[in-house]
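Participant: So you can see what is in the structure, the chains are spelled out below.
2 protein chains.
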Amino acid sequence: MAVGTVLITGGTGYIGSFTTLALLDAGYDVVIVDSLYNSSKVAIDRIELLSGRRPDFYQVDITDEKALDEVFAKHPAIDSVIHFAALKAVGESSIIPLEYYRVNVGGSIALLQSMTRHNVTNIVFSSSATVYGDATRFPDMIPIPEHCPIGPTNTYGRTKSMIEDVITDYVNAQRNNLQKEGKPYQQWNGALLRYFNPCGAHPSGIMGEDPQGVPFNLLPLLGQVATGQREKLLVYGEDYPSRDGTAIRDYIHVVDLARGHLEALNYLRSNQPGVKAWNLGSGRGSTVFEIINAFSAVVGRDLKYEVVARRAGDVLDLTANPKLANEELKWKTEFTMEKACEDLWRWVSNNPQGYRQEPPAELLAAIKKA
Amino acid sequence: MAVGTVLITGGTGYIGSFTTLALLDAGYDVVIVDSLYNSSKVAIDRIELLSGRRPDFYQVDITDEKALDEVFAKHPAIDSVIHFAALKAVGESSIIPLEYYRVNVGGSIALLQSMTRHNVTNIVFSSSATVYGDATRFPDMIPIPEHCPIGPTNTYGRTKSMIEDVITDYVNAQRNNLQKEGKPYQQWNGALLRYFNPCGAHPSGIMGEDPQGVPFNLLPLLGQVATGQREKLLVYGEDYPSRDGTAIRDYIHVVDLARGHLEALNYLRSNQPGVKAWNLGSGRGSTVFEIINAFSAVVGRDLKYEVVARRAGDVLDLTANPKLANEELKWKTEFTMEKACEDLWRWVSNNPQGYRQEPPAELLAAIKKA
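Line by line, the protein sequences give chains A and B. The first sequence begins at 68 in our numbering and counts up by one. The second sequence begins at 68 in our numbering and counts up by one.
Calculated from the structure, these hints are not laboratory results. It cannot be assumed that every hint is accurate.
In this list, chains with the same sequence are indistinguishable; a pair is considered to hold if it fits within one copy or across any two.
Straight-line Cα separation of at most 35 Å, DSBU-like style, residue types lysine-lysine; simulated pairs [stated by the list, open to error]:
{"no.": "1", "residue 1": "Lys436", "residue 2": "Lys406"}
{"no.": "2", "residue 1": "Lys399", "residue 2": "Lys133"}
{"no.": "3", "residue 1": "Lys436", "residue 2": "Lys299"}
{"no.": "4", "residue 1": "Lys436", "residue 2": "Lys250"}
{"no.": "5", "residue 1": "Lys371", "residue 2": "Lys343"}
{"no.": "6", "residue 1": "Lys435", "residue 2": "Lys406"}
{"no.": "7", "residue 1": "Lys133", "residue 2": "Lys108"}
Please work from the sequences and hints to get the whole structure.
Facilitator: Given below as structure tokens:
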């Protein structure tokens, strides 16, 4: 019998697929809804290959409340939601902001309404360290703790911050309203998970990030340089006041991140804390040059890069203080940034076309043997 | 020929109806959409009585994008929108926050999408001083200037602040995108009008605020005490560090406020400034006791009140610095708080049932004569 049944929105995406795997491995049943707008159904096959279990899947847009209602109605065992479904490209969000507000904020409102109608009362939300904006503007806020003031500097970050507010106000209201009526209220809970820089791939080499179009994160771009799909990496600025002049980020292995979602869900179900925000990061900051060096070491040759001017909106340092998650969720990262580089290289070198090609037979054979 | 044609959402509500009147008097054609959820169609008859012109009216919910499309399609002359339609009870917003986010934020997104499809590119938005939250936490921020940091302390205020962000990001993106394509972009403009405490009624005595259910603002409550519909006024706290211990607010006559919308619209159409925020307030703060005294003087007798404990979330002082609107919009308040008390008393004493009764014949006769 399953530990519980969880709806994962955006469950075929990068972090969503790894979280699905983590939940299946922990004994949960999983139902996925995803529009497949920016992901592939092949992810489900890989999840099944790795876990031996296949999640239910429905192609549903997160703004389609009626379709969400049908999924909840069909799966009355669902008691919790992990909510990833969103548009997520920072640059694009400044070009088509209304679409970002409609899908991300409007979709989250639709989801909460549908959850309420079906008495599904735990939500783990895929937020982002982007909500902090430039934390270096505050003294003593690096590494960043959860009480750092929110101040997103782009539309994508603003949608995440707004959804945090919507979930916080709604869960608090549901608890207050039920408590006033003398009814049990503790079942309403929300986790706001602020991730730093997710990276890496599954150690098996058959599951990883499969960005449509041009990737916009450092490691996938470096992966393309290594596979020859991209000539060189652009490094935006080497005049930051860091140890080597490049900007500092906190890279977190996607397998660790997925486990963070599992632990947050378990915490909500066991402790019924209301709404809480947790940083999911390693606490270790790496510069751009350190990442280039680590990935080059894994690949076995120097990767070409060019230093260009700083990008508007970029900040010096986004490193997490993960103490709260370490203590409350009993979660901390187990894999290093170097391990993420190894796993990423295994993924991109074996699957340069991502999910649009079959993985090498020897990788599949190794999984069947294990 | 009309100066222009404007869609007013929420145009039968309190501030919406006065703004409709101001626009008609200034030569604009007006089309109203309103759900009538918290207002009365009778307001349109009163507008016609006072202006001699009748705005077009459609009963449309602001979240109904298809219905909005139909109105724009039917009135291709519309070039601007003044957007009032929203849920507006601060207390209620903490009980049913999801409905507030759905209607206010979701409705504004739907409106902007529909505007875009019909090439309607100026929006004047009904924001609120509530977006500032407790400005007394900053030194030198009373009276409050527009650059005071935003920090709403309740769900209603958060919906207003989110809509400000949505409009700002969207108008800026539309301008940037069009400019990059070498197309005219200056037609996209937004005014964020942050009002302080609207009050008063039309000097004719036939048009005013007609709250459904229990009013939640000081002057309407005092009006009910004066007409005997309410036993006494509750005063929340007399231990504030103000001149008499009660909280300070900036009361602005609704006729002045309506004119502020007209001036903001004219400014957008003439100057095409992009997005700008303006405070609409008098710059004069009045305490609760000062309001009670002023209204009692108008009524001609002492009105009963009782001092009780402070309300959670109330702040000491919300007084506007209206300098920016004074200078840029060439707008300032012409009517005092005392004049607002007079006009309010003329309204409530002659229409204790609001729009659910005919006004006294002598008031109607005076209008016809004028």
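Participant: Output the numbers, in ascending order, of every earlier hint that fails for this structure.
Facilitator: The structure breaks hints 2, 3, 4 and 5; every other hint is satisfied.
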